[in-house]
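Participant: Heads up: the protein sequence lines correspond to chains H and Y, in order.
If you're matching positions, the first sequence starts at 0 in numbering that gives the first Met the number 0 and goes up one per residue.
If you're matching positions, the second sequence starts at 0 in numbering that gives the first Met the number 0 and goes up one per residue.
Treat the hints with caution; some may be incorrect.
Which chain Y residues face chain H? A few, computed with CB under 8 Å, are given here [said to hold, decoys possible]:
| # | residue |
| --- | --- |
| 1 | 32 |
| 2 | 36 |
| 3 | 50 |
| 4 | 54 |
| 5 | 123 |
| 6 | 136 |
| 7 | 140 |
| 8 | 165 |
| 9 | 209 |
Here are the computed distance ranges between Cβ atoms for each label pair [said to hold, decoys possible]:
| # | chain 1 | residue 1 | chain 2 | residue 2 | range |
| --- | --- | --- | --- | --- | --- |
| 10 | H | 74 | Y | 133 | 39 to 49 Å |
| 11 | Y | 179 | H | 234 | 22 to 32 Å |
| 12 | H | 17 | Y | 190 | 29 to 39 Å |
| 13 | Y | 17 | H | 21 | 23 to 33 Å |
Just so you know, the hints here were simulated from the structure itself, not pulled from any lab data.
Quantities reported herein were computed from a predicted structural model and do not represent experimental measurements.
Glycine residues also receive a C-beta, built at the ideal position from the N, C-alpha and C atoms.
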Amino acid sequence: MSSLTLHDVRITGAEGSRNYINDEYGALSWLLTKDHKRIAILYLISITIMFLLGGSFAVIMRVELLTPEGDLLTSDTYNKMFTLHGIVMIFFFLIPVIPAILGNFILPIQLGAKDFAFPKINLLSWYLYIFAAAVGLYVIITGGVDTGWTFYTPFSTQYSNTHVIGVTFAGFIAGFSSILTGLNFIVTIHRMRAPGLTWYRLPLFVWALYATSVVMLLATPVLAITLVMLMFERFTGIGIFNPAIGGDPVLYQHMFWFYSHPAVYIMILPAMGVASEVVAAFTRKKIFGYRFVAFSSLGIAFLGFLVWAHHLFVAGISVYSALIFAFLSFFVAVPSAIKVFNWTATLYKASVSWATPMLYILGFIGLFTIGGVTGLFLAALGLDIHVHDTYFVVAHFHYVMVGGTVMAYLAGIHYWWPKITGRMYNEFWARLAALLVFVGFNLTFFPQFILGYLGMPRRYHAYAPEFQVLNVMSTAGASILAVGYALPLIYLGFSLRFGRKAGVNPWGAVGLEWTTSSPPPKHNFEETPVVTWDAYDYPAMMKAVGETQNV
Amino acid sequence: MSDTTLHAHADEHPPHHPFLQHHFEDLGQQHEASTLGMWMFLTTEILFFGGVLCAYWIYRVMYPAAWAEAASLQNWQMGAINTIVLIISSLTMALAVRASQLGQRMGTVVMLVLTLLFGGIFLGVKGYEYSVHFHEGLFPGAQTFTWHENPALAPQVQLFMAFYFTMTGLHAIHMVIGAGLLLWFIRRAWRGDFGPEYYAPVEIMGLYWHFVDIVWIFLFPFLYLIHSAGGHHG
Ligand SMILES: [Cu+2]
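Next up, chain H with everything else stripped away, as it sits in the complex (with noise of 0.2 Å):
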């Protein structure tokens, strides 16, 4: 053959050669590395422990809820064990977790890159994300903060007495580690592309992350700039946000969410992005639409940025502006809307495969349809005053946050682990967690929905009688998504030493991470690949499978 093949369909790979997990030891070979695929092992340590700590917060709060009397925990207490949970969730785990663990490990190689641009300063985002992290551990350990995530003012700014400047400073450097990474992203993949690997043949999976690290790049430093603000408020006790001597705290709001709606697609963008890939995989076809699914990344990244005040419809903003923003909130969902649709079509009339990637993926789908279809309930401005505040909002994010990334990044953590660690996990033990995992949520969180729709408030831990079933509830559903979330640490761990052998392409699927060895060598390929082909182009595999059978 005159050039490389058309797709690689290597089954086996050169077994025992070196590799960037063998090929230095030592634990400063890994603190000091710039291999990113070691800056994701890293993270993939790093966002679990803080996964599990901000999960212990979650688990406390449930066993509160168990009864209507606040019971286990003073009301002050409560009030941390929400702030921190949140807090944690989101900028230590949601938003790093499948950019700076399965984005850092597969993107470059997805590129047929040997590394980011920017190695040193990829390795300089983790030190960021551990000294914010570091940071954070302090708070709790002095004290903790009661403020909730959204900090908002004047609460925070005059009357908490808790560890609101250690806590947004904590916010302010993990901010910098996830610009740092967005930086890195965009450069890598405007720059460092293989030859022949056009916009249009680049997996979803890259415009995804390349929509997400837009958003990374505009909004975090909005927030960065308010986080500012507010601890020199509260360190000087000057009144940027204080009605008292002119400040407005609906100002806060306003620049709060500036940065955290947008930041809701940092955590979600990923997370579909994982999904075409993992569709494709299974189902061996073609993304349906693909520059469709391609362009409402970027759809989703620039709608994203006009819907902020959706957040502030009770906050006193004008009847009129208030309109203007539920309508625009209305429109953020026809992009996410083409893109489950397309999932879809691809899925209809496809021989899909049950694999536990898959089965994670399918949920993912159902649950954000799910989490999608409430939040347009709570853009209607009608809708939204009656359940703001309520539990009803609580298992809307839930369903987007949980049932949207973390089902996407668990699917992808397993569609890539044979990729990452060279070992297949148990497929048996993981079908079942993933099956926990879907029942665990939904038994937790649909309850919730009914909940603050009879009117439960958010953020008590002491509530009326007649809603104790639902809470048992909810909280015996998450016992039963612990369980789910725990089997993996086992089984995987296990399968590092026990896993049988992945080989180079353990799922048949086509991409460049597909054709080099599990685990990958250091600088990611022996020779720059070329690459002539479109992403997933499994009609073209699969005949290149045949031809070679029949020879």
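Please arrange chain Y with the ligand on chain H, whose structure you already have, making use of the hints.
Facilitator: This is chain Y with the ligand only, laid out in the frame that chain H set:
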């Protein structure tokens, strides 16, 4: 395509430039990547300063009289001197980039030193202004803000001063970081790192320096040159 042809092709490349990082194909790709990286970083910076400018502007519209009063408390001559100093430093920075492109080692060093010098003058003048404000009781805060000349406007004047110190303070931090980078670049230029093949770092340093200057070009009129246009109703 066999392995041998690939390796033969690889051998045709000239020997690697000492500053070419292994994950780039060539210096051109490295140059483009680092330039784009700096532009992306500056985009982030625009949003960072843009956030506080937006808040500033909202209060400026709300309190035009206090804003004019507070701006009149600034020493506009000092601000003007600093503006000129920074513009000159941008010129010397641009000349440093030019000198490094042409491979003029001493020229690069001299221009970088001059840039650093002007940056230092700017920070000195700024520090003097800060100390005057402290003495006048204009630093925001329950204990430190003791300005009483116009009690009706005092709370909003304090608000202005909060923006003044936040914005000029953040700008000054950027200047200090820039000065630190300049010191490092002077060392590298002295060592002879830069030349016609490899001047990207100086160019990127220049982008950063010009950006910090431009921020000041906005801050100067916003903080020093407000007239009470809203004060003459009818
Ligand atoms: Cu929102």
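Participant: Now, for every hint given, state plainly whether the structure supports it.
Facilitator: The hints, checked one at a time:
1. Look at residue 32 of chain Y: its Cβ gets to within about 4 Å of chain H, closer than 8 Å, so that hint holds up.
2. Nearest Cβ of chain H to the Cβ of residue 36 of chain Y: about 5 Å, under the 8 Å cut. The hint holds.
3. A cut of 8 Å between beta carbons decides the hint on residue 50 of chain Y: the least distance to chain H is about 4 Å, and the hint holds.
4. Satisfaction of the interface hint for residue 54 of chain Y is found here, the shortest Cβ-Cβ separation to chain H being roughly 6 Å, below the 8 Å cut-off.
5. For residue 123 of chain Y, the shortest C-beta to C-beta distance to chain H is roughly 24 Å, which exceeds 8 Å, and the interface hint is violated.
6. For residue 136 of chain Y, the interface hint is violated, since its Cβ never comes within 8 Å of a Cβ in chain H; the closest pair sits about 14 Å apart.
7. Because the closest C-beta pair between residue 140 of chain Y and chain H is about 4 Å apart, less than 8 Å, the hint holds.
8. With a cut of 8 Å, the hint placing residue 165 of chain Y at the interface with chain H holds, because the nearest CB-to-CB distance is about 6 Å.
9. With its C-beta approaching chain H no nearer than about 19 Å, residue 209 of chain Y sits outside the 8 Å limit, and its interface hint is violated.
10. Between residue 74 of chain H and residue 133 of chain Y the CB atoms are about 43 Å apart, so this pair conforms to the stated range of 39 to 49 Å.
11. Checked against the hint of 22 to 32 Å, the pair residue 179 of chain Y and residue 234 of chain H passes, with Cβ atoms roughly 25 Å apart.
12. Between residue 17 of chain H and residue 190 of chain Y the beta carbon distance is about 35 Å. The supplied range of 29 to 39 Å therefore holds.
13. A beta carbon spacing of about 30 Å between residue 17 of chain Y and residue 21 of chain H agrees with the range 23 to 33 Å that was offered as a hint.
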